[in-house]
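S.K.: Now for the letters of each chain:
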Amino acid sequence: MASQYIALPKGVSEKNFNAAIRDFRKVLGDTSVLTSAEQLAPYIKTMMPVPDGDHTPSAALLATTVEQIQKIVAICNQYKVPVWMISTGKNLGYGSAAPAERGQVVLDLKRMNRILEVDKDLAFALVEPGATYQQLYDYIKEHKLGLWLSMPAPSAIAGPVGNTLDRGVGYTPYGEHFLFACGMEVVLANGEVLRTGMGSMPNSNTWQVFKWGYGPYLDGIFTQSNYGIVTKFGFWLMPEPPAFKPFVIQYQHEEDIVEIVETIRPLRISGVIPNAVVIAHALYEAPVKAKRSDYVSGPGSIPDEAVYRIMKDHKLGIWNVYAALYGTQEQIDVNWKIVTQAFGESGKAKILTEQEAADDPAFAYRAKLMRGEMTLTEFSLYNWRGGGGSMWFAPVSQARGSETLKQMALTKQIFAKYGLDYSGEFIVGMRDMHHIVDVLYDKTDPEQTKAAYQCFDELLTEFSARGYGTYRVNTAFMDKVAETYGPVQRKVHKTLKKALDPNGIIAPGKSGIR
Amino acid sequence: MKKAKLVNCIFGCLVAIIVTISSAWSAQDEKNSPGFAWKDGAEIYTKICAYCHEAHVGPQIRNRELPAAYIRAIVRNGNRAMPAFRPSEIDDESLIKLADFISNKEAQH
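Residue numbers (full-length UniProt numbering), protein chains in the order written: chain W, 1 to 514; chain B, 1 to 109.
Hints are computed from structural coordinates only; laboratory data are not their basis. Hints are not guaranteed to be accurate.
Straight-line alpha carbon distances no greater than 27 Å define the calculated BS3-like cross-link-like pairs of lysine-lysine that follow [stated by the list, open to error]:
| hint | chain 1 | residue 1 | chain 2 | residue 2 |
| --- | --- | --- | --- | --- |
| 1 | W | K120 | B | K97 |
| 2 | B | K47 | W | K368 |
| 3 | B | K97 | W | K141 |
In isolation and in its complexed conformation, chain W is listed as follows (with noise of 0.2 Å):
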């Protein structure tokens, strides 16, 4: 007889598994158990080039409490179950809404989208997984309370609670997130419901200002990881400046990566330059301006003499280091005529200002990502390839001039060979940068998704071999890169699940972790 389920979980008989849907038909009523191909489609849709049947969850569950959350776990305990959480469940890129293991059952957090604090003073917020940049966005407007997001390039439609818990990065002096959040609340595999930092004590009004609490600080072992679900966060945001100037500086050659780096460096670290700047390639660039068939066809990676071309049609570098200052205006005075000062010395820089770029396309999304204002413009790079294949590369490098060269050398190198182009750009960090490279496919050419797999695998294989490790990776890769740093910290993740999750319901797979 055919199961009346699109997939199953894992090691769970059909007869048990109608048992827990029934209970959690019980706990959430009948329209929140999704099971029918119908209503999971929006589940199954990745851009991985991996057989959609590998992410196929076998229903979904539309919580609105915490106490349906702690029934739901103590339901998935009984029949041994598992759920893959989601909050905003635009992860694109990185497996979107879909489960890491054909069969899970997708707990979508998406309804709990309440706001349920933003704090003026004291310039934080508390919210719900399922709340948007934008609905903040919206909120901080209405409230007139003066207060800047940050957020990745998704912004409207992802959220602060998913990116952050995934340790993604945003493009204002608040853009390495989690370094930003303050207080989680995260129902256990138990049921129980922890509260971390100071929010653990009764009556505390610390939650959101103080992050350590007392005894080992636990918020960092719910990021990137399945040792509990994330039902209220807390994070910080940025006073709006009184000014704000953006800036693009564009160098010419491959190698200036080196005498970039080089400069940046030392005014990022003394915060002179106090936001995550990004270093673009003109690949990054290019989709928002230009067409690739208006260069090349055929297979293959599209060749330096194009970008070239490109670069020259389109008022493009092939580096373009986008950053901004933010404080008074006496304060910005100074700061520019320090990075005037740095970036001019060789002679190669071509330093833009509003003034002279406010009409580029691509300065102007840039800029309003350094704002926090919403826009979703960098996914022209979809368009780039088409088909919507799309992954992140994301490995660290050091913020140093000779690091990063060598990882766009290699990187480029290994595209190259599985003739896709380099779409690249390095967000920089304090003393790190993010190396984040978007691998475009046509989803809908067998060759090309081939191609882009053994691309990312390769990538993997060869990065992790000079020990530069991936920071972040889609959901098909995750095994992989938890096997590139090491046993002993698999072994401490397991230990940690084991205690934290003994029947492994939530989340099996994420990072690795089982």
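Put chain B on the given structure of chain W with help from the hints.
M.R.: Using the frame of chain W, we list chain B on its own:
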């Protein structure tokens, strides 16, 4: 094996007890304010669709007389690079309003 079963059994019992105890604590703390809800199709279009479809990222979809059923299907299933949108993001009722907004010429002016 027996030991593992016993541990699981104890864990299961603990879950039941803890849920009973701590649900009262957390329920007290839950405020009854409702979550976010869409006002109308225009709001959804502006706050989701327009960021791509009015920004040269996705194709123009207004003024093309696209059938409402087609719009609803694409929203739920996605299409190439366009992500799928779940009923938890855009509920079925709001999706009808959104599809009407996009396909109805009068609503556009």
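S.K.: Decide if the proposed pair is consistent with the structure: K47/B and K368/W, CA atoms, cutoff 27 Å inclusive.
M.R.: 16 Å, holds
S.K.: CA of K120/W to CA of K97/B, is that 27 Å or under?
M.R.: With a Cα-Cα distance of about 35 Å, the restraint between K120/W and K97/B is violated, given a limit of 27 Å.
S.K.: Decide if the proposed pair is consistent with the structure: K97/B and K141/W, CA atoms, cutoff 27 Å inclusive.
M.R.: OK: K97/B and K141/W at ~26 Å, within 27 Å.
Checked against the numbered hints listed earlier, the structure breaks hint 1 alone; every other hint is satisfied.
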